[in-house]
Amino acid sequence: MPKPLILHPDRLLPTTQSTRDIARRLYKHVKHLPIISPHGHTDPSWFAHNEAFVDATELLVKPDHYVFRMLYSQGIPLSALGLGSAKNPERQSDNREVWRLLAQNYYLFRGTPSRMWLDTVFHEVFGFEVALDETTADHYFDRIGEQLSQSDYLPRALFERFNIELLATTESPLDDLKYHRQILDSDWNGKVITAFRPDPLVDPEFEGFSQNVAELAEITGIPTNTWTGYLAALRERREFFKSMGATSTDHGHPTANTQDLNVEQCTDLFNKVMSGRCSASEAETFRAQMLTEMAAMSVEDGMVMQIHPGSFRNHNSQLFAEFGRDCGADIPTKTEYVKALKPLLDRFGNDSRFSLIVFTLDETSYSRELAPLAGHYPALKLGPSWWFHDSPEGMRRFRQQVTETAGFYNTVGFNDDTRAFLSIPARHDVARRMDCAFLAEWVADHRLQEDEAMELAEDLSYKLVQRAYKL
Amino acid sequence: MPKPLILHPDRLLPTTQSTRDIARRLYKHVKHLPIISPHGHTDPSWFAHNEAFVDATELLVKPDHYVFRMLYSQGIPLSALGLGSAKNPERQSDNREVWRLLAQNYYLFRGTPSRMWLDTVFHEVFGFEVALDETTADHYFDRIGEQLSQSDYLPRALFERFNIELLATTESPLDDLKYHRQILDSDWNGKVITAFRPDPLVDPEFEGFSQNVAELAEITGIPTNTWTGYLAALRERREFFKSMGATSTDHGHPTANTQDLNVEQCTDLFNKVMSGRCSASEAETFRAQMLTEMAAMSVEDGMVMQIHPGSFRNHNSQLFAEFGRDCGADIPTKTEYVKALKPLLDRFGNDSRFSLIVFTLDETSYSRELAPLAGHYPALKLGPSWWFHDSPEGMRRFRQQVTETAGFYNTVGFNDDTRAFLSIPARHDVARRMDCAFLAEWVADHRLQEDEAMELAEDLSYKLVQRAYKL
Amino acid sequence: MPKPLILHPDRLLPTTQSTRDIARRLYKHVKHLPIISPHGHTDPSWFAHNEAFVDATELLVKPDHYVFRMLYSQGIPLSALGLGSAKNPERQSDNREVWRLLAQNYYLFRGTPSRMWLDTVFHEVFGFEVALDETTADHYFDRIGEQLSQSDYLPRALFERFNIELLATTESPLDDLKYHRQILDSDWNGKVITAFRPDPLVDPEFEGFSQNVAELAEITGIPTNTWTGYLAALRERREFFKSMGATSTDHGHPTANTQDLNVEQCTDLFNKVMSGRCSASEAETFRAQMLTEMAAMSVEDGMVMQIHPGSFRNHNSQLFAEFGRDCGADIPTKTEYVKALKPLLDRFGNDSRFSLIVFTLDETSYSRELAPLAGHYPALKLGPSWWFHDSPEGMRRFRQQVTETAGFYNTVGFNDDTRAFLSIPARHDVARRMDCAFLAEWVADHRLQEDEAMELAEDLSYKLVQRAYKL
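Residue numbers (the working numbering), protein chains in the order written: chain A, 1 to 471; chain B, 472 to 942; chain C, 943 to 1413.
These are computed hints drawn from the structure, not numbers from a lab.
Careful, some of the hints might be misleading.
[Said to hold, decoys possible] DSSO-like cross-link-like pairs, simulated, lysine-lysine; straight-line CA separation at most 27 Å: (1) B:K810 with C:K1281; (2) C:K1405 with A:K334; (3) C:K1281 with B:K805; (4) A:K334 with B:K813; (5) B:K934 with B:K502; (6) B:K474 with A:K463; (7) A:K334 with B:K810; (8) C:K1405 with A:K3; (9) A:K334 with C:K1284; (10) C:K1276 with A:K342; (11) B:K805 with C:K1276.
Chain A on its own, in the form it takes in the complex (with noise of 0.2 Å):
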């Protein structure tokens, strides 16, 4: 007989029941409060052609590196799971296959984030009632290839049922934003805005990056075989994608390193770097002074600047040589900040029209230089708990080792980061029951006041977002 599927609804709150009593005043407040999803990775074109999401495996296993990382971990090969065949499309997946081998090993994810993501999708969402496991997981399959086939299951619907009042993609400055295009001329009214990520444009070391660049020329008219001209162009681009809704920007490096060189400085670098003939540490100075060119720019067009650094890509050469990118491998590494940003601050650090969040995947980073900056600069504010991070656990430590320091406003709310759409109300749902969680706690040893805590509460759930965001 299949094991119940249980989602308790104080999951996650504080055991000592007088401070889960608190909990759930403050979650009730927040929990049907809009989703605002500033930051993510979902395909426009889902909301654009609105078309049925195929299974179960297409949806929740293939396009989640959570899921797929450790069933490799435990020694499942990535062809088993379907993955690669896009780098190798006669490679066929056996999707079924491919799910129960995710029912008969469910067991490893216990504990771990995406359990309680793909529970609460798998009961949320799909209404079931008995757990995964292998008895089940072609009753599982079946229920939900045959629901996503249904009206209310198309992206526009599940948007609009996730209450998700605004969602930001994110796209390389290449890109055309036809689907994006296509929504805003839809009938449909659901906010689906993009992010500009220009990794492939001012990382030497991209795959492809001076294809890219010549690309950029192509697209905006303007050469970019100079070092003004690459400027002007990247600030076309910018501009078409504010005017396309866009209210940020978003930068993953490998480290969070900036430069400020002087005009002659940058010529020779970029002259340099498209020779292609740079050296790893070029390589590097031209990322660093890329970020300060980013600033220079947000300053002007008002976009909110993003840093993401600090992940090793593509650790596994294997891997990346026999399935490409986003195949798991990416490990975070240690990551300065004090140095690393004082340049970029130097120049934009207190200026009021600059607006930059930076986040981590350093836990050590939180109480030793990201609180302690973000509780100084005027321009800087702390992204949440990110990748890896963006776990119970790792929300709990966020919190514990910000907010002495930096205090709650000059973190900037929720972000899910993710390309698993249905996992997104799950996620903040995390979010916020973790918030309220250790709101509670404040207010049991009586740090906060629980009205304080309620409009906390609100804040971190919905209100900074929209403020950091511009939204």
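Starting from the structure of chain A, add chains B and C where the hints point.
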């Protein structure tokens, strides 16, 4: 209607009732113990002159970088807070307006230790029953102003009312300690001693370094243009400080690096440094060597040595240019201890005449480096959680990460390290509450017996600091 | 009147009643499971000879660096504790006096795991009902001495009474494993296996390195003066260790660095190393290469590989000169894994024949580096919280920081890693209590179902270690 100002008697104590009951008993035992403040930055002239403090802004906002940095981080210019008027004497600050700014923005401090310290001051020192907000700002400003002019709010009266048994200030070797002299010569019995802080004379990168060294020669009558003369002059100032009651030295360095060079190397380095042409790396080596020299003198004169490393001073170049030092832009950095302290420990780590108290701004060193070092070297003890970490969560993490390896007896009680005189009792109270809360948790899960915890609470609040600072 | 020795049955369990009840049920389920100790440093001669232990001091103080380092940190000379008598055989220690010193200073251990382990030994093994202090020191010393001479306190009897299913010791490749041989040849059924620890032969900076390599040639009859001969000789010793029951190797390196050089480079480096003239950096490269070589052999022979990096050995120069290795002056250092392990993982990280267990002394790597690596690479698993972290708070932090990314199933159960034989059951008991406490918290806030937690408790206490070490 204004909100009440509530200071709950159980604040910061554990939320589980039975554990809270234990914590209450422990706290009751230590709540009224005298305050020993062995390390801080109050102004000795307050106690020498015993003149009334001016007003709420001069007393509670301007000297407290925790307060004004938070306001600054949210876009309020330092000039609007009356800062920098020392540097720009023509600048007038409207202290009532500054106070109103604090009141309007007081919500920013939710969850920060500043809020807790200030509320405690408001209630315990000034007797407020309503919370500070924009509606009560003037009431606060007026009433505090009135009270400060009364005799029982004069510095010495507050000192006594705070039950301070001993207060240490911190002075440069160039200081003539005239205020300490006046206090000693007065009929007042309050113990206000100094601590020897030679940074301006041992750090070649300190503003006015060479002038400082020249002044040292003048004061002591010992030529400081040779390595041996320089050391002799410093030794004489230590003797003078000791004769005035000092029992400790304090060293605020960018790193914890120490060196043990031979006399020729020292002489060469000193000459280079005095020539004003030393590199950044030579300056660092000189500071490192000077820590070992100071340790050697501690072995001679018995003064306890404190090292406070790891702050990147004056990070915000614009503010530093406009407002000078100590305007809230000091940011912690990663700090290494194991290799850094080895040269000094190789010489004096096993010496029973030597006592070294090490602090950190980098919490990652608690369990990895500092607790193992303190749990081994007889000379080394751990200072309490410092700057940015002198907060409830910071204190909890300190005990959680240090105790299992170093025990309680390789720590030295609490330091308030503040120039915000009125907050001293509040800070010690927070420390005592957090220690009692921590001990109560370990009694509740049977790691300690309650009678042991009772002894420990007293040790942590009072006895350890007395012993560590040889008071 | 002496104080009672109280070992509360609920020690270390959560303090909220309803959560404690869950933890009790979990703990009851695993409390009596057999002990598997796959990694430790007990002396196999104890079990080969089965002779009585001498006295309390020889058994409980001298072999336990946790115990004597704490006493040393508070000014008690190691010589007064009888240490170093092996190096200075003329030095006699008065073991009763040493024991009295421990007793007088036993309060120093409040809050440390040593206190908990010792109290458990006192009560569970020796039946004491009064606490150790200066008034009971002689009573303790006498009674323990008497009991140790009884047959049911002989090593093998204790092994059985402790319900140890398997105990691994650690030996150098130069060891002839004669004690293991004797145990195998005896009529005793206790399983005491070895583990292959080649540090003295792969670390050019190990004391006596070149002599060790020469000795390896003698033992194996394979000339070790060429790179291939050296590897062949090591391979043969691995085979011998495996034939004697070893299932794992262990590597204690200053860093986690690995290398993957080609044969020419290896040959050159080996020749340099053997010439005795390699630099510190070449020594490090050699160690790094040898980790990869050991991994290659693990792929062949199936032995599980353990890496224990990050200890700065013999930090205290004076003590090292006087007392030699292992006198408590080993200090953890920052340890990087992401770049360090990449060469080895590039070769074997995806190989299903390879199994690598990584430990750390640097807790900052738990969530940032190790959990993401273990949550991705099939070959990599995480060792439990180690040295300085094998404590209640250390274990809690390990689970809190690792589980959400790596899950429970990329960890390998508990290691006691001790030479303090009597403390083995106490250490495993602490680990089981902390795991049950941790699981109970997650059941109480509905992240896990209780039946899942029950399974997990058993996995963490018993099954995972069995599987990870191929037992």
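Right, here's what the structure says about each hint:
1. A threshold of 27 Å between alpha carbons decides the hint, and for B:K810 with C:K1281 the separation of about 22 Å falls inside it, so the pair holds.
2. This hinted pair does not check out: C:K1405 and A:K334 have alpha carbons roughly 34 Å apart, beyond 27 Å.
3. Between the alpha carbons of C:K1281 and B:K805 the distance comes to roughly 19 Å, so the proposed pair stays at or under 27 Å and holds.
4. Under the criterion of a C-alpha separation no larger than 27 Å, the hint pairing A:K334 with B:K813 is consistent with the structure, at around 24 Å.
5. Restraint check for B:K934 and B:K502: satisfied, since their Cα atoms lie roughly 14 Å apart, inside the 27 Å limit.
6. This hinted pair checks out: B:K474 and A:K463 have alpha carbons roughly 23 Å apart, not beyond 27 Å.
7. A hinted pair counts as satisfied when its Cα atoms are at most 27 Å apart, and A:K334 with B:K810 qualifies at roughly 19 Å.
8. Between the alpha carbons of C:K1405 and A:K3 the distance comes to roughly 23 Å, so the proposed pair stays at or under 27 Å and holds.
9. Between A:K334 and C:K1284, the direct Cα distance comes to roughly 15 Å. Compliance with the 27 Å bound is thereby established for this hinted pair.
10. Our distance criterion of 27 Å between C-alpha atoms is met by C:K1276 and A:K342, whose separation comes to about 24 Å.
11. The suggested pairing of B:K805 with C:K1276 holds, with an alpha-carbon distance near 11 Å, which does not exceed 27 Å.
Violation of the numbered hints given earlier is confined to hint 2; every other hint is satisfied by the structure.
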